[in-house]
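Enquirer: Residues per chain are reported as follows:
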Amino acid sequence: MKFYIPPQLPRLALAFAIFISLFLVARHFLVPDTFGEYGHYRGASLIDNAKPELHYAGQQACFKCHQDIEDKKAQDVHSDIHCETCHGPGLKHVVSSKAADILKPSGREFCGSCHIINAGKQKSTINQIDLNKHNVGKNCTECHNPHQPWEMKK
Amino acid sequence: MEPHYQHLYDILAHSQGYIFPNEIDLQWGILIVVYPFITGLVAGAFILASLERVFKVKILKPTYQIALLTALSFLLVATMPLISHLSQPQRAYEIMITPHSSSAMAIFGFVYLWYLAVVLLLEIWFDYRHSMVVWSNEKKGIMKWVYKILTLGINDISPRTVQWDRKLGHIITIVGIPSAFILHGYVGFIFGSLKANPWWSSPLIPIIFLFSAMVSGIALVMLVYMIVSFFRKKVVDLNVLDTIGKYLFFILILDFTLESLDQIHRIYEAEESFEIIKLLVSGKLYLTLFVAQGLIGTIIPLITLVFLQFYKHKIKLQKTMYFIVSILVLIGVYSMRWNVVIGGQLFSKSFSGFTSFKVGLIGLDGTLMAAFWLLLPIGILTFLLWLLPPWKMVKEED
Amino acid sequence: MSQSTSTMGNEKIKSSRRKFLKTAVTLAGATIGYTWLKSSKVLLFAAEPKDESLPYYGIVIDIQKCIGCGNCAKACKKENDVPVEPFFFRTWVEQYTVKNDGKVNIVSPNGGIDGFTQTVPDEDIFKSFFVPKMCNHCSKSPCTQVCPVGATYESPEGVVLIDEKYCIGCRYCVQACPYGCRFIHPVKKVANKCTLCYHRLKKGLAPACMETCPTGARMYGNLRDKKSDLVKFLKEHTTQVLRPNLNTGAKLYYNALSSEVR
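Protein chains in written order, with our numbering: chain G, 1 to 154; chain V, 1 to 398; chain R, 1 to 262.
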């Protein structure tokens, strides 16, 4: 027995089939190659995220040349502080060895950025000073060696 | 770049309490208020059209095609606010080729295409095919070919084929109702499923969105019907307005109940976010929530509709009142979208502070762009009503 | 005569049309079948097991040790080329001051980069502490869940990363993060956030924030390595995550997290 198919249906089915095929073909060319390798994302993105330039070298890089400072620092309360914490990003200097390529911090405000007294800091974690009272006008480094702070210079 | 930072410094100066440093600028602006408003109009207009078709509310017949063409005009524009809001709009196609199955936003492309192609276009095609065949025979020149192409070459207008038009259209309408719910419901789900934002996170949000969408669509069709009749210099059928008004009233009551339930529940539970939300609602959102959405958009229309149902005197004033009511309702629903989208971003996720929001005028994310996307459908609708005039269609026996 | 040739002609046309349709359908079917098979791998990704040979990174922040110097936030911006304006932070430090009258003051001026000045006098303070914030690298990350295109993801090492070449800038992820970690980069115009200095991890170096923290308040390590300092710390201290009720699987554990912290 022949079923009656109204003339609209085959024409519409064709129109939809064409559209869906075009979509699938376009999709084949548009989906990035590495998509889905590890999950619902472009696998090559892991490589992209590993590419950015470094600015900080890490403490070990400093010790390769500055062994003497490493030894000094290890003996005093600043032993756990990494070099770039105060000296800023050091990779450029590791590569060029130029003094201009790394920060040599100075001034009371700089040391104060850690040591300024604030109720939020635990006294057991860090010694704190009131910059308006502690040896006003003097530079911290006149008395303290930043790499060996308790080896007082006076 | 510099001017944009100045705008951020201004906002920073106006922020209150503590906000997370990254929260200074609102991520979703006026275009994301416009998008659910538009899809809501589409869903609502379609539901009204379905009332005539599926539930056989005969009185609404004069509004059937108007509702469908209105829905189509707005649907054609619906994607645009989203694309112009993306900061990488040229990559928008990615949502179609690698949709992330766990993301509600990812279904947008497919739901949109489904609704456009399978529901709206097909339903309009089935309804107009007979008339388009007749017009392609009557017209000359380029219009003859336009109609011929639109018929997709099916020129058979025998009673049997025309009856199949009706049957298939009926099936499409039935499929269309849940499709309309998904088209707009998923937008509500995008907000409702976000556990990070307590103003949005609620299972009620998709349902509230749907009901306010129906309200806005019905009001829009009422408005369009009156405006089209005015331009055609035809008398507006008051029975049509009364019936639409009745449906508008009932759905508005339901919408109001759901919104009130959401707030009452929030006030009663008073969980972690309640204090900041209370400040939000009584402060920054006071005008847009209580005045625009509540009073202007809900209470006044409800009272007016009740009045119009009971007192059917003074015909001239009655039509004006329906006209005003539909505009007020549209303002109310737009405010609701504003309150949800913008309101949810004004308070910090720290629950300890507020940022502020100033809509820019120009730019892809500005007021002018939003206004353009809202007005463009009106232009499209005018064109569609000229191309496919409902009043010139072939009269069918029921 | 003409009738028979035209019928013959019609037959020829019909058969050549049929052949054409057959070839077209076969070609189309083959292309569709091939694209479908290729894409099914994309759709069924969830079955991939996690590579046990790679580290699975976790983070600990010890609130008792943070002194609010802001070195971490400063170093992060330098290492990762984040704009210096006070609106974009991959990491920042907050100060909580709980006053004697019960009110809580929370501040983060420029993310803590320039340090903090105490504004509340000592006698009004009940307690005060600093809380560094950064991406929690959630194992059930809501930002990953909502990304519509797959531009943000959890790497095999458990680091939540962003594919800057694929992000469309819809900002759904920024809305979904309960911790406020994400932002839209003003120049690149895609989502951006802390990557745990993935480019440094891959070279065996510490993230910049941890390299420059003077008190060792920030730690990172391999959660799979039971002998690592990180795991030992977790065993010996009481730690909490932010917003545990949201079940994000956050891998940033705070030591001494007080209830005022949001």
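Some hints could be false.
[As the list claims (entries may be wrong)] Stretch by stretch, here's where chain R covers chain G in the computed footprint (C-beta under 8 Å, at least three residues):
no.: 1; stretch: 29-43
no.: 2; stretch: 66-77
no.: 3; stretch: 84-96
no.: 4; stretch: 113-127
[Stated by the list, open to error] Facing chain R, a subset of chain G residues (Cβ under 7 Å, in silico):
no.: 5; residue: L12
no.: 6; residue: L46
no.: 7; residue: N49
no.: 8; residue: A50
no.: 9; residue: P52
no.: 10; residue: D80
In case anyone wonders, no lab produced these hints; they're calculated from the structure. Idealized CB from N, CA, C, for every residue including glycine.
Enquirer: Should the interface hint for G/P52 be scored as holding, given a Cβ-Cβ cut-off of 7 Å against chain R?
Expert: For G/P52, the interface hint holds, since the closest Cβ of chain R sits about 5 Å away, which is under 7 Å.
Enquirer: Holds or violated: the stretch 113-127 of chain G covered by chain R, criterion of 3 or more residues with Cβ-Cβ distance under 8 Å?
Expert: With 11 residues close enough to chain R, the hint holds.
Enquirer: Given G/L12 as an interface hint, is the shortest Cβ-Cβ distance to chain R below 7 Å?
Expert: 17 Å, violated
Enquirer: Does G/L46 hold up as a contact with chain R if the rule is Cβ-Cβ below 7 Å?
Expert: G/L46 check passes; min Cβ-Cβ to chain R is 6 Å, inside 7 Å.
Enquirer: Hint G/A50 vs chain R: min CB-CB distance below 7 Å?
Expert: The hint holds - G/A50 has a Cβ within 7 Å of chain R, the shortest such distance being about 4 Å.
Enquirer: Can we keep the G/D80 interface hint, with Cβ of chain R closer than 7 Å?
Expert: 6 Å, holds
Enquirer: Hint G/N49 vs chain R: min CB-CB distance below 7 Å?
Expert: 5 Å, holds
Enquirer: Residue count check for the stretch 66-77 of chain G against chain R: does it reach three with CB-CB under 8 Å?
Expert: violated (count 0)
Enquirer: For the stretch 29-43 of chain G, does the count of residues with a C-beta closer than 8 Å to a C-beta of chain R reach 3?
Expert: holds (count 9)
Enquirer: Please verify the coverage claim for the stretch 84-96 of chain G: does it have three or more residues whose C-beta sits within 8 Å of some C-beta in chain R?
Expert: holds (count 4)
Going through the hint list in order, the structure does not satisfy hints 2, 5.
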